[in-house]
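**Student:** Single-letter residue listing:
There are 2 protein chains.
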Amino acid sequence: MTQLDIARNGIISSEMNIIAQKEGIDPEFILQGISDGTIVIPANINHKGIDPCGIGNGLSTKVNANFGTSSDIGNIETELAKLHAALDAKTDTVMDLSTGGDIPAIRRAILNKCPVPLGTVPIYEAGIAAIDKRGSIVDMTPDDMFDAIENHARDGVDFLTVHCAVNQKTIARLKASRRLTDVVSRGGSFLIGWILHNKRENPLFEQYDRLLEIARKYDVTLSLGDGLRPGSLADASDRAQFEELLTIGELVDRAREAGVQAMVEGPGHMPLDQIAANVQIQKSTCKGAPFYVLGPLVTDVAAGYDHITSAIGGAIAAAAGVDFLCYVTPSEHLALPTPEEVKEGVIASRIAAHAGDLIKGVPGAWEWDLEMSKARKNLDWDTQLKLTIDPQKAALIRARQTTGGSGCTMCGNYCAMELVSEYLGTPKKVC
Amino acid sequence: MTQLDIARNGIISSEMNIIAQKEGIDPEFILQGISDGTIVIPANINHKGIDPCGIGNGLSTKVNANFGTSSDIGNIETELAKLHAALDAKTDTVMDLSTGGDIPAIRRAILNKCPVPLGTVPIYEAGIAAIDKRGSIVDMTPDDMFDAIENHARDGVDFLTVHCAVNQKTIARLKASRRLTDVVSRGGSFLIGWILHNKRENPLFEQYDRLLEIARKYDVTLSLGDGLRPGSLADASDRAQFEELLTIGELVDRAREAGVQAMVEGPGHMPLDQIAANVQIQKSTCKGAPFYVLGPLVTDVAAGYDHITSAIGGAIAAAAGVDFLCYVTPSEHLALPTPEEVKEGVIASRIAAHAGDLIKGVPGAWEWDLEMSKARKNLDWDTQLKLTIDPQKAALIRARQTTGGSGCTMCGNYCAMELVSEYLGTPKKVC
Chain Y
1396 MTQLDIARNG IISSEMNIIA QKEGIDPEFI LQGISDGTIV IPANINHKGI
1446 DPCGIGNGLS TKVNANFGTS SDIGNIETEL AKLHAALDAK TDTVMDLSTG
1496 GDIPAIRRAI LNKCPVPLGT VPIYEAGIAA IDKRGSIVDM TPDDMFDAIE
1546 NHARDGVDFL TVHCAVNQKT IARLKASRRL TDVVSRGGSF LIGWILHNKR
1596 ENPLFEQYDR LLEIARKYDV TLSLGDGLRP GSLADASDRA QFEELLTIGE
1646 LVDRAREAGV QAMVEGPGHM PLDQIAANVQ IQKSTCKGAP FYVLGPLVTD
1696 VAAGYDHITS AIGGAIAAAA GVDFLCYVTP SEHLALPTPE EVKEGVIASR
1746 IAAHAGDLIK GVPGAWEWDL EMSKARKNLD WDTQLKLTID PQKAALIRAR
1796 QTTGGSGCTM CGNYCAMELV SEYLGTPKKV C
Chain G
1396 MTQLDIARNG IISSEMNIIA QKEGIDPEFI LQGISDGTIV IPANINHKGI
1446 DPCGIGNGLS TKVNANFGTS SDIGNIETEL AKLHAALDAK TDTVMDLSTG
1496 GDIPAIRRAI LNKCPVPLGT VPIYEAGIAA IDKRGSIVDM TPDDMFDAIE
1546 NHARDGVDFL TVHCAVNQKT IARLKASRRL TDVVSRGGSF LIGWILHNKR
1596 ENPLFEQYDR LLEIARKYDV TLSLGDGLRP GSLADASDRA QFEELLTIGE
1646 LVDRAREAGV QAMVEGPGHM PLDQIAANVQ IQKSTCKGAP FYVLGPLVTD
1696 VAAGYDHITS AIGGAIAAAA GVDFLCYVTP SEHLALPTPE EVKEGVIASR
1746 IAAHAGDLIK GVPGAWEWDL EMSKARKNLD WDTQLKLTID PQKAALIRAR
1796 QTTGGSGCTM CGNYCAMELV SEYLGTPKKV C
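One line per chain: the protein sequences are Y and G, in this order.
Converting from the first sequence to the working numbering requires adding 1395 to each position, the first position being numbered 1.
Converting from the second sequence to the working numbering requires adding 1395 to each position, the first position being numbered 1.
Okay, chain Y solo, but in the shape it has when bound:
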């Protein structure tokens, strides 16, 4: 039974209980959300030792960190280093997007060390294996695709990105949309190439029930991928993007009917004033399915700093109701990230998630800021450093200039809060 089946039977699973406790929310609320499909728990029955994580309506916004090899670079050791960097920075989930080296071995090594939900994109492995076996990605067979999916599921992957809605109709709309940066989703491009070359329908769409069977067997959560994710501001919110979204919405319905948990992936590059509308339309067309966005990146021009462009978009998205943020690192658009950049990406996304949680009214979000500001008012540096999002970095900055005074070197002897409380007669210490 999947978590969805369990919830529909009115049973609160141990995973639901753990999540309720972590989120400070009534387990009945979690049960109802899972039953309705507005909350998912990506927890493959074969992922041993997973610490369950809930994603969706009413819960804190979660953060995902991507890593993985490419054909150019990376191996098990480099990717495990990135896993640990991401976990140290308190990511909620990770995705292994490896497309180079021994992909199954890397995945298994990561799963073995991964207490958080792990996601993958099995079409990468299927496409790359097809190059070796048959000469080209477009020579993949439908069985190659489903075999890869089943292998990932059997290994214990908790959520799978599957580009099921890239189909003949979506591609027709894509062509009519006359985009600047047609397709920037790798998985999407594999399938679009396959569909056009073979003049056949997308097997993941055509044989969606076969996919649902696998997902149900292992309780894999489907992350319905947006192969037509806009790759530039110019392409944001276009007809191609929404055609795919409408189809995804239908596939959400079918997943729920089959007892399979599903969430929905979204943009991408997007001007900041379009983000809230996109969230609303996703929520309405996908009947409240958890929304998982990449960024959004609010400008195209900041390669080297796309963790910041994404933090801007991610905060706005989270505040508007997005449930799950996929991080972007400073090396996006340029190279694979280093472990240090993985950390920077996770922290930037966690800031965005928390900025959104403050608006959503997530339990505990406001209290965190309140405790920090009380410690700031009290010039209680130990508590400030403990409460900050990255205590290690904050301590390093403070340590390099500590003067022994009660304030910090920024204001030296002229700490506004210290100066004024004497005259205002307000308490020196608040609690």
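Wrong hints could be hidden among the right ones.
Copies of the same chain look alike in the list, so a pair counts if it fits in one copy or across any two.
To be verified - With a straight-line Cα cutoff of 25 Å, these simulated BS3-like cross-link-like pairs (lysine-lysine) come out:
1. 1528 x 1570
2. 1564 x 1823
3. 1824 x 1781
4. 1823 x 1570
5. 1485 x 1417
Because the hints were derived from the structure by calculation, they are not lab data.
Note that the coordinates shown come from a computational prediction; the quantities given were computed from them, not determined experimentally.
Dock chain G against the given chain Y, drawing on the hints supplied.
**Tutor:** Same frame as chain Y, now just chain G:
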């Protein structure tokens, strides 16, 4: 004559012409904006060699970088290094907030090397000099304050932060507001301490005409400071903040009547869903005066990363109509910034400003992203690196893993854009 006087005489000054050219806007529009007070040109008649910069309605969002010594740390050399870091990162203006060492000498050394508008907060110098001369900040005389202001103006400072609206009424409202982090503005705290200790009205409020005379003489732009800027999310948008804003609005009117250019400073720590409302209320109550915000910081908990919390708030603010963003560095709340952190702060604010300009429809903003995305689609790396916000950092990231392929190491052989254009039949190159 100030730029405001000149504009009111219907004359387009050389500064207005230069700004019109830089912004790609009709000089008549600049003239009208200055005449209405919705645009300012901070350009002291004594600041030799300044490259004029316009701030306000219809223009691109500008970015300011703060630096300066504290009583603990810094000297002329350290602060000149930060000036150069800020200029290299393409800040639009800088502020010298020195409160340690030989403050006038630091200011003059900076002015001497500063092609962009320079701002200062003269009350720092007045207050700190009063400690030496008279024993305490609260022993400042009104003449001390105005002498400092006149000295800064005479030296050639282009815009002065003056906390004129911190007065008896504002303080009464502050007390009744029962804030968590009463006052976090240093200048504000100097004046509030002075007012309460001496049981007198704020001389900068009481003798505002005297301030206007000085400003008019040198064409110094007044930056009407918000001494009651919220220092925590808990204090955002409270009655104390808006009491001060209403008074600032009245002082804007009086500045305009006196032929003095004025802009308005704003928050501060603020939940992201309050930012747009704050911009609207500032614009309405201050009759379209340019709005200059610090951040806003959308959470209190990210010391070490407050350039990111501020980029989130700044982007939302700029999109909502804010004209001028004061950067925040990663060391905010912890220590004075290093030159590298100055750079990080400027770049983060420039990203925020540009994300806002895309929404405001600032001339050239959309075209920048379009050119970048065309270069990305064309896999034209030279143009991508040239167009990115920090070409040096982007080139370093790309260089560390270059493979000689047409794509990047992120996707290696499986570049989505490359894979799919073959099958879609879309052009390999766009222009």
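**Student:** Give a verdict on every hint.
**Tutor:** A quick look at each hint next to the structure:
Within a single copy, residue 1528 and residue 1570 get their C-alpha atoms no closer than 31 Å, and across copies no closer than 76 Å, so neither meets the 25 Å cut-off. Within a single copy, residue 1564 and residue 1823 get their C-alpha atoms only as close as 66 Å, which misses the 25 Å cut-off; across copies the closest is 23 Å, which meets it. When the C-alpha separation of residue 1824 and residue 1781 is checked against a cutoff of 25 Å, the pair qualifies only within one copy, where the shortest distance is 18 Å, while the shortest distance between copies is 52 Å. In this assembly of identical chains, the alpha carbons of residue 1823 and residue 1570 lie at most 25 Å apart only when taken from different copies (15 Å versus 65 Å within one copy).
Taking the closest pair of Cα atoms, residue 1485 and residue 1417 come within 25 Å of each other only inside a single copy of the chain (14 Å); across copies the shortest separation is 44 Å, beyond that limit.
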